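Asker: Residue-level listing of the chains:
2 protein chains.
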Amino acid sequence: MSLRQALDRFLPWIEAELQEIVQTSCQGLEPYYGMMRYHLGWVDDHLQPVRASGGKRLRPVLCLLCCQAAGGDPWQALPVAAALELVHNFSLVHDDIQDSSRYRRGRRTVWDVWGIAHAINVGDGLFVLARLALDRLNARGIPPAQCQAATFALDQACLALCEGQFFDMAFEQLLNVDLNQYLAMIQRKTAHLFAASTLLGAMVATEDKAQLEGYHRFGEYLGMAFQIQDDILGIWGDERTTGKSAATDIRDRKKTLPIVYALNHPEKRDLAHQLMELYAHPGPLHETEIRAALEILDQVDARRYAEEMADQYYHQALHSLEQMPIAPEARSLLVELAASLVGRQA
Amino acid sequence: MSLRQALDRFLPWIEAELQEIVQTSCQGLEPYYGMMRYHLGWVDDHLQPVRASGGKRLRPVLCLLCCQAAGGDPWQALPVAAALELVHNFSLVHDDIQDSSRYRRGRRTVWDVWGIAHAINVGDGLFVLARLALDRLNARGIPPAQCQAATFALDQACLALCEGQFFDMAFEQLLNVDLNQYLAMIQRKTAHLFAASTLLGAMVATEDKAQLEGYHRFGEYLGMAFQIQDDILGIWGDERTTGKSAATDIRDRKKTLPIVYALNHPEKRDLAHQLMELYAHPGPLHETEIRAALEILDQVDARRYAEEMADQYYHQALHSLEQMPIAPEARSLLVELAASLVGRQA
Chain H
1 MSLRQALDRF LPWIEAELQE IVQTSCQGLE PYYGMMRYHL GWVDDHLQPV
51 RASGGKRLRP VLCLLCCQAA GGDPWQALPV AAALELVHNF SLVHDDIQDS
101 SRYRRGRRTV WDVWGIAHAI NVGDGLFVLA RLALDRLNAR GIPPAQCQAA
151 TFALDQACLA LCEGQFFDMA FEQLLNVDLN QYLAMIQRKT AHLFAASTLL
201 GAMVATEDKA QLEGYHRFGE YLGMAFQIQD DILGIWGDER TTGKSAATDI
251 RDRKKTLPIV YALNHPEKRD LAHQLMELYA HPGPLHETEI RAALEILDQV
301 DARRYAEEMA DQYYHQALHS LEQMPIAPEA RSLLVELAAS LVGRQA
Chain U
1001 MSLRQALDRF LPWIEAELQE IVQTSCQGLE PYYGMMRYHL GWVDDHLQPV
1051 RASGGKRLRP VLCLLCCQAA GGDPWQALPV AAALELVHNF SLVHDDIQDS
1101 SRYRRGRRTV WDVWGIAHAI NVGDGLFVLA RLALDRLNAR GIPPAQCQAA
1151 TFALDQACLA LCEGQFFDMA FEQLLNVDLN QYLAMIQRKT AHLFAASTLL
1201 GAMVATEDKA QLEGYHRFGE YLGMAFQIQD DILGIWGDER TTGKSAATDI
1251 RDRKKTLPIV YALNHPEKRD LAHQLMELYA HPGPLHETEI RAALEILDQV
1301 DARRYAEEMA DQYYHQALHS LEQMPIAPEA RSLLVELAAS LVGRQA
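One line per chain: the protein sequences are H and U, in this order. The numbering of the first sequence is the working numbering, which starts it at 1 and goes up by one. The numbering of the second sequence is the working numbering, which starts it at 1001 and goes up by one.
Rather than coming from a laboratory, the hints here were simulated on the basis of the structure. A quick note: this is a predicted structure, and the numbers were derived from the prediction, not measured. Glycine included, each C-beta is placed from N, C-alpha and C at the ideal position. Check the hints yourself; a few may be wrong.
[Said to hold, decoys possible] Beyond 10 Å from chain U on every Cβ pair, some chain H residues (computed): (1) L29; (2) R140; (3) D155; (4) E163; (5) L285; (6) H319.
[To be verified] Computed from the model, here is a short list of chain H residues facing chain U with C-beta under 8 Å: (7) A117; (8) N121; (9) F171; (10) R291.
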């Protein structure tokens, strides 16, 4: 089976599971669930059915592939896969408010359509539904102790997500952020939920501690690589493929890895200071300032640095996989997915 | 034991349990946990220790008293009690943003001190910690299946909370709200978490279905009575005891029970229309408009109507208790607490 074939099999399952969870039998609540369904890409802003992008469902796919690789039945892992996607989307809905982002995946964000108050509540609702999704594990034959372990692992990932979000917002107020601070932030904000995705998928299949740790590590390294790759795309990405204009992250003065690297460059202190000054003023950067920042990043070779670091994490992820007893086909699917997430060739 | 003595015993336990849960070992995250601790009343806005009001801890107290009444050890129920309080506080932090409330319990709200973006994240963090609190049940000797049942019950209450919040916000945009809509709203927004408090406390003590249903009903009726009493205080309350100025809910055009009653009065349609017109314009009501609204409420005897309804729920709550096999002392504590919550004599 190719990754494409696996996706063609899994994506409709994931969508069906999500659709079952995000619905209500109470008519008065239709507009509330409708806002959640809008965010997930199933309805338009008049709550009429539509086929819009609700994201790539990366985390659920990763979860199901890991379940399969660990010898489990992906169908049993569907509630977990749905929970992971709902947690991810809860954080996006709140993130869009916090970042004042008016667009996501080419559509207006929930707060932009219905206001901040409702959007907060939409995020909260998705969060609760993620938790309720896990209660569907019992009906798929997972015993209570394992359900509880899965719940705990998801909760840990959610806490990390909130902590990472705190760092992200706090760093906006700092003149400088060093590499350790940056790594602590993305570890919590991105890598932990990837690690939960691989771990929870495997948990449905096995209780073998060494294997579970291996899947957890694979997800965590992959998450780090994915985030750094996302940082690179946020500066040098192609608008047509990323859906956001190039250098967006610079305009918004985000302290992503290439910027963090340049700000802390041990030798080119004058360039670091110039960049710090460009970043010191509140509000978005102007076109000329963006060009100046890009020029500085070029001069310190920040893109190559970030690409190398993404590569390191990517290879650590692959190395974790190699340690584990996985059937060749299942392994190659995971390798192919991992490669696609970080824009590499498998 | 009197209720006072029970509170003197339980409140320090609850506070200690909460303090253990809402803390971090990561120095960089101290400011994040500090904001949560501020909201809970333990530190000031410079995160220095202070003794401020963090609320009355009604839900945890109710939970522990029900655990005791059902023959359990309240110490075992502490994680559940803490979880309930954290869920309640998550909803308050988000509620304050949604309502643009700048003060709570005589102190500035989290969003007023640190901004909306951080306040959203503080609420999210309290929510996750509520979930992680339940993972402490294992260490207190509660088996996995019971932990899972408790988790599910709490999740259900959280979903109801979000749904109730949706209704509350949606109703602000409606010219009129009828009694059924109002009841559906407070049932979800207030009564369900009270019901979870009594149910979860009892769940730690017993698996007897009839008893659990009885505690659930007791909590739900009590929650309805409590909310209606709160509605009454929001209009006719004494500023010194409620901490908010009288008629606040009218100024903010809240559709609480006395208002809903007057808006839907079957005979005095002219008064209903006058009130609807007063409520039709956005923004807070002026002093003269508030006086006019109070006059209308007087003329339809709305206060007496609300008090009678609160009484009905209160007596239904007491009736639920009477059905259950509870030792006299434990029962009288619950009756005394219930009476104090609705401003009645036990």
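Asker: Does each hint fit the structure? Answer for all of them.
Answerer: For each hint, the structure was consulted:
With a minimum CB-CB distance of about 6 Å to chain U, L29 (chain H) fails to clear the 10 Å threshold, and the non-interface call is violated. Taking the minimum C-beta to C-beta distance to chain U, about 14 Å, the non-interface status of R140 (chain H) holds against the 10 Å cut. At roughly 5 Å from the closest C-beta of chain U, the C-beta of D155 (chain H) falls inside 10 Å, breaking its exclusion from the interface. Remark: the non-interface label on E163 (chain H) conflicts with the geometry, its nearest Cβ contact in chain U lying 6 Å away (cut-off 10 Å).
Every CB of chain U is more than 10 Å from the CB of L285 (chain H) (nearest about 20 Å), matching its label as outside the interface. H319 (chain H), annotated as away from the interface, keeps every beta carbon of chain U farther than 10 Å; the closest lies near 28 Å. At a threshold of 8 Å, the smallest CB-CB gap from A117 (chain H) to chain U is about 4 Å, leaving the interface hint in force. For the restraint placing N121 (chain H) at the interface with chain U, the shortest Cβ-Cβ distance is roughly 5 Å, inside the 8 Å limit, so the hint holds.
Among the interface hints, the one on F171 (chain H) is violated; its C-beta lies about 10 Å from the nearest C-beta in chain U, farther than the 8 Å criterion. Here the hint on R291 (chain H) is broken, as its CB sits about 29 Å from the closest CB of chain U, past 8 Å.
When each numbered hint is compared with the structure, violations occur for hints 1, 3, 4, 9 and 10.
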